[in-house]
Amino acid sequence: MSTIMAPNVKAVSAPGKRTVYSMCGMCAVRCPMEVTVENGRVTWLQGNTHDKAIGASLCAKGAAGIAFEHDDQRPQTPLIRSGPRGSGQWRRASWDEALDHIAEKLKATVEQHGERGIALSDRGGAFNDLARTFVKAMGSPNYFNHDVTCGGNVHHAARATYGFSHAALVPDFERTKHLVLYGRNLVESLMVKEVKAFTAAMSRGMRCTTIDPRASATAAKSTRFWQVRPNSDYALNLAIIHEVLKQEAYDKSFVERFVSGMDVLRDAVKDTTPEWQEPHTGVPAAQIREFVQEIAGQRPGVIFNPGWMTARHKQSFHVSRTALILNALMGNLEVPGGFIIGKRPVFYGRKGLKPLLDRPPAVTEPRIDGAGTTHPTWDPAIGALHQLFAAMETAQPYGIGAYFAYRHDPLTAMPDAEALKRALDKLELLVSIDVRYSETGWYSDVILPESTYLERANILAQLPGPVPVFVMRDQAIAPRFDSRPAWWIFREILRRMGKMEALDFETIEEIWSWQLEGTGVTVADMREAGIVRLAEAPRLGTRDELKFFTPSGKIEIDSALMAKAGLPFLPPYQPHTAPTGDQFRLLFGRSPVLAHGQSLNNPLLREAAPEQRLWIHPERAAPLGIGDGDWVEISGGGSYVGRLRAYITKWIHREAVFMLHGYGATVPLATRALGVGVADQRLQHGKLYEFDPAGAGNALTETVVRVRPAAQQGATA
Amino acid sequence: MSIYALRHDAANCIGCQACEVHCKSNKNLGSGPSPCKIISTGPIDVDGVPRVRHTFMPCFHCEEAWCVKACPTGAMTKREKDGIVHIQAALCVGCKSCITACPWGTPQWDPATNKVVKCDYCMDRVDAGLQPACVTKCVTGCLSFGLANEVPDPRRERYAHYLLAEPARSE
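The listed protein sequences derive, respectively, from chains A and B. Basically the numbering used here = 1-based index in the first sequence + 565. Basically the numbering used here = 1-based index in the second sequence + 1.
None of these hints come from the bench; they were simulated from the model. Glycine is no exception: its CB is placed at the ideal position from the N, C-alpha and C atoms. Just to be clear, a hint being listed does not mean it is correct.
[Unchecked claim] Derived DSS-like pairs: lysine-lysine, alpha-carbon spacing no greater than 25 Å straight-line:
| id | chain 1 | residue 1 | chain 2 | residue 2 |
| --- | --- | --- | --- | --- |
| 1 | A | 761 | B | 38 |
| 2 | B | 28 | A | 582 |
| 3 | B | 70 | B | 97 |
| 4 | A | 817 | A | 1112 |
| 5 | B | 70 | B | 82 |
| 6 | B | 38 | A | 758 |
| 7 | A | 672 | A | 1112 |
| 8 | B | 116 | B | 70 |
| 9 | B | 28 | B | 38 |
[Said to hold, decoys possible] Label pairs and their in silico Cβ distance ranges:
| id | chain 1 | residue 1 | chain 2 | residue 2 | range |
| --- | --- | --- | --- | --- | --- |
| 10 | B | 65 | A | 765 | 36 to 44 Å |
| 11 | A | 1092 | B | 46 | 28 to 36 Å |
| 12 | A | 1277 | B | 46 | 29 to 37 Å |
| 13 | A | 765 | B | 61 | 44 to 52 Å |
| 14 | B | 46 | A | 1271 | 24 to 32 Å |
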């Protein structure tokens, strides 16, 4: 096949009306979706009704998919930088020219640093088999996902304690009696299926305790709200565990059989009484006792959500871990109303998709971040991305010459863009593969436009769950511009490096057929409904089948991985001093209409997006002379100063200020988002290399900012 | 009033604005007009816990519709068979009388066409036996649509569930 032809699926431009099964691409949740195509145009998007958990629902971001497709403000051809990095000087290039250019730079990198000098980061998820295969085929161990600024701490806590990821814990909301959330803003983060199940459960009478220094939309739906001091949730958990043990409000038979290290736990919490935690968290001791009395009558239908975005502070790993320990104490695993453990196909006597990752030869080079080796609690399958940037700067333990940011925007996602740019400046090659202009794309050497989620097909994905499923994103329409699907882009780079065997496929259907070999499922089956369930109905595992993939086979409070890493199992709580005067902890969060930095340039979402305001407590705002609606200046210690209006409310803790993330973009060609609001990540000065040592997650909410009334009222251009 | 009801179960609404964008997307609207709108206020303090109030503002499809009376060209029309108030774009001259007349500001100005657009319950979908776009794709299912007496009303049922759940809570 010529390398200049876009590889469309057959009959993509066929006339008439048809339904294509796909997965939404407007955020990283990837909801299953039905696309109505009429004469080559998308006319309707809705949830895939073959998946009862979502029905036809889609969120505002999903609804804005057609507007995104029609938007011209996205890269339309490969672009090669023609001026200094970040100058915005580009020249259009053909795919052959851009890919040849990349291959040439990669060869120079390999010559200087070896194959290990090539790295890639993405945002993980169901399709990441492809990107991991690309990196492995390159001969490099350095694949990273984005989890240092997302779920790294909880992922690693679950891995160290249960032996599998928290992603395998599926809440049985239909029967849950009480849900406990640590800043987990599930209403506004908005995974459609989760929110549907949550609101249905709340209608049914489920209790929900939300622990957050700020009243999010989730707090506004909860039955209990603990407005804790910022970064104090670990102290809260130590006290809850103390009280659970004291009141003997736990499942003794479950603990006896499935938990190792109760002595370690008893010792760690012997003095962490409800009174002890009160000055740390601000939650009255009596309320902790009352809470424990309540859950004692509700277990095992009590779920402590271990967190999602857990890149908060240097003990966030232990917040997740103590939540996971609390779930074990509730005995809520694999029981109705608790967590159903995600099943692998073999549980139902089925075979899973063949991983592309098995195709390239093994890579023996050590990972640059020491994940899985010098840092045993860090999962080598996802890595610790900040350590890649540290290595770029220092060339230690070895040099990195080329970096692919694949639909990932570290200059928005990671703290301290100034520090990150210093690291990126050391690269010989920075490539952004994306459907839009990201901050990182704008700073890249080459932008490769990936076809949008409606214009491309992805590899098949397998999702664990009570019933594991295969899901597909089929191609709905032909690309509007000179873009390509990722599998083709990666194959073409590998081809130029003489390493194409790993992705030696001519069409996506060929890849699908290979993935499906031996599963008893065909491409035609997949296309019938976009989703194939590997069992008729879910089956709960028996106690005898319950297995934890730790060395002991039990839930390890005395984690073998942590012992190997020389980490304390349950370290003492590290208190934080309260910022005073004009200083505040900076908290950030989500709007339900925005997905991080990727949505604000969408015409419909820009319109729906709220004005970004700085939440500040009235008792802290008054002495600073800040009134509701006033313009304020906010700085994090670097050269960046943001201006936005104040929102005076008692629903933000006195010690903190809060703002939405995803604003303050600087790419001139994305005109609707340009200069709108403040980039919280640029206020997280000095935080690029500050992280929880056990879980690798960045300590983002330890950021302290200064706030003062703006000298002049009004936005800066 | 039209024979239909579009019910918003505010207690089950999360204010995610999906309805607004589904509506706009279905009507191919760009920036500006919003035929339906979720107005969220708060957080406010209700017995010590934060609460956000959500109000859904589509068109009420009035019996004696101000907009229909104000329209000088007959573009704004009340459909005989079911009372849906809709606008015929070909007859709209963009005078904005309907926008002025409506007590709730429901008719919307579309700068792309220099005409008015408004909620018509997606009557092409209704005629095809489907539900309006906002209802079809609502995230939580808090919107429902149908003949006025047949629209599911979850409020009584939920109240009963709350009463039942109460003893479990105090245990």
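Cross-check of the supplied hints:
{"no.": "1", "hint": "761/A <-> 38/B", "in the structure": "holds (21 Å)"}
{"no.": "2", "hint": "28/B <-> 582/A", "in the structure": "holds (18 Å)"}
{"no.": "3", "hint": "70/B <-> 97/B", "in the structure": "holds (13 Å)"}
{"no.": "4", "hint": "817/A <-> 1112/A", "in the structure": "holds (18 Å)"}
{"no.": "5", "hint": "70/B <-> 82/B", "in the structure": "holds (18 Å)"}
{"no.": "6", "hint": "38/B <-> 758/A", "in the structure": "holds (23 Å)"}
{"no.": "7", "hint": "672/A <-> 1112/A", "in the structure": "violated (46 Å)"}
{"no.": "8", "hint": "116/B <-> 70/B", "in the structure": "holds (17 Å)"}
{"no.": "9", "hint": "28/B <-> 38/B", "in the structure": "holds (14 Å)"}
{"no.": "10", "hint": "65/B <-> 765/A: 36 to 44 Å", "in the structure": "holds (39 Å)"}
{"no.": "11", "hint": "1092/A <-> 46/B: 28 to 36 Å", "in the structure": "violated (52 Å)"}
{"no.": "12", "hint": "1277/A <-> 46/B: 29 to 37 Å", "in the structure": "holds (34 Å)"}
{"no.": "13", "hint": "765/A <-> 61/B: 44 to 52 Å", "in the structure": "violated (28 Å)"}
{"no.": "14", "hint": "46/B <-> 1271/A: 24 to 32 Å", "in the structure": "holds (29 Å)"}
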